[in-house]
Every structure is written in C-alpha cells, then in structure tokens.
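Residue numbering for the sequence shown is 1 to 149, as defined by the numbering used here.
Derived by calculation from the structure, the hints in this document are not laboratory data.
Since this is a predicted model, take the numbers as computed values, not measurements.
Even glycine gets a Cβ: it sits at the ideal position worked out from N, Cα and C.
Heads up, some of the hints might be wrong.
[Said to hold, decoys possible] Okay, the calculated beta carbon distance ranges per label pair:
id, residue 1, residue 2, range
1, Gln98, Gly132, 17 to 27 Å
2, Thr31, Phe56, 19 to 29 Å
3, Asn16, Val87, 36 to 46 Å
4, Asn57, Lys130, 18 to 28 Å
5, Glu38, Gln145, 19 to 29 Å
6, Lys130, Pro20, 18 to 28 Å
7, Gln145, Lys94, 27 to 37 Å
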Amino acid sequence: MYQLAQINVARMIGVNIEDPVMKEFSDHFDTVNQLAEESEGFIWRLKDEEDNATSFNPFNDEQVIINLSVWKNKESLEYFTYKTFHVDFIRRRKEWFQKYGKAYYVLWWIKDNEYPTVEEALERLEYLQKNGPSEFAFNFQRVFQHPKV
Numbered sequence: 001m002y003q004l005a006q007i008n009v010a011r012m013i014g015v016n017i018e019d020p021v022m023k024e025f026s027d028h029f030d031t032v033n034q035l036a037e038e039s040e041g042f043i044w045r046l047k048d049e050e051d052n053a054t055s056f057n058p059f060n061d062e063q064v065i066i067n068l069s070v071w072k073n074k075e076s077l078e079y080f081t082y083k084t085f086h087v088d089f090i091r092r093r094k095e096w097f098q099k100y101g102k103a104y105y106v107l108w109w110i111k112d113n114e115y116p117t118v119e120e121a122l123e124r125l126e127y128l129q130k131n132g133p134s135e136f137a138f139n140f141q142r143v144f145q146h147p148k149v
C-alpha cells in the first residue's frame, strides 16, 4: 500500500523566522501543527526538538522554511490544507512569503511505513518545477494514482 508525501517550501519576506514581520505567522505554529497531527489521515511530519521544522535549513538560507509530512491519502491532506484553519495562512501567504519558483509544493506516493528525506522531497519539487506534474511528482491540480500493488 501507499501513502502520500508532501513538501512545501517558502521564502520569507522577513530575514528569518524571528523577524517581526513573521510574528503572526510563527505565533500559530503550535496550533497549526496540532491541528495537522489531530487530522484524520495524518501520519507523520518532519520536526525537531522544538516540535517544528523551522530549524531544518537545506538551502543554508535563513529566509527559507520547509514543511514535510505524510498523509493517508490525497483527500485527508487536501481537507487539512483547504478546509481547516490552515487555509487562512494560505490565503494570507503574501503577507509573509515571496513567490517561490513555479511550484512551492509537491506531492508523491511512498510505500506505507516509510518516510521521505528532505533531499528526496527537494528532488521531487525540483522535478515538478522543471517538468510539470507526473507520477514522480505532482500537485493537487493534477494528481496521479499510486503505483499498483
């Protein structure tokens, strides 16, 4: 069986997550993370000892933050993303974030009980940015079915 992995990458307007322009966004980390973890279909998310992912810096750039998670299926991730309190942050993202390339998130299927690495996730995002949606890397607008068992 398969589960859905996702990463989203954002370039902040602020110089880092501590910048005052980011305060309202960062003040809601715990609420949004708890909402995700309590959502039906949630499996896993990348987090550090502080219970968030802002310390991960794969680009060696303090303005870039990532979020990496795994969900049971597209429907559960889509519900969390667009039908909960989380959607307010998507609607307001221009207040905190600059445009990030052609795609700022990517979805892909992974086997049950496996978890993606940051490197794998960024490879998928780069692929989507260069090649568009495919079975290897896709988005909510063009979802591909998981591989046959």
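Evaluated hints:
Between Gln98 and Gly132 the beta carbon distance is about 22 Å. The supplied range of 17 to 27 Å therefore holds. Under the hint 19 to 29 Å, the C-beta atoms of Thr31 and Phe56, about 20 Å apart, fit the expected range. Checked against the hint of 36 to 46 Å, the C-beta distance between Asn16 and Val87 comes to roughly 25 Å, which is inconsistent with it. The beta-carbon spacing between Asn57 and Lys130, approximately 23 Å, falls within the hinted interval of 18 to 28 Å.
The hinted range of 19 to 29 Å is satisfied by Glu38 and Gln145, whose Cβ atoms lie roughly 27 Å apart. Our hint of 18 to 28 Å for Lys130 and Pro20 is violated, since their Cβ atoms are close to 35 Å apart. Evaluation of the 27 to 37 Å hint for Gln145 and Lys94 yields a pass: the beta carbon distance comes to about 33 Å.
The structure does not agree with the numbered hints 3 and 6 stated previously, though it agrees with the rest.
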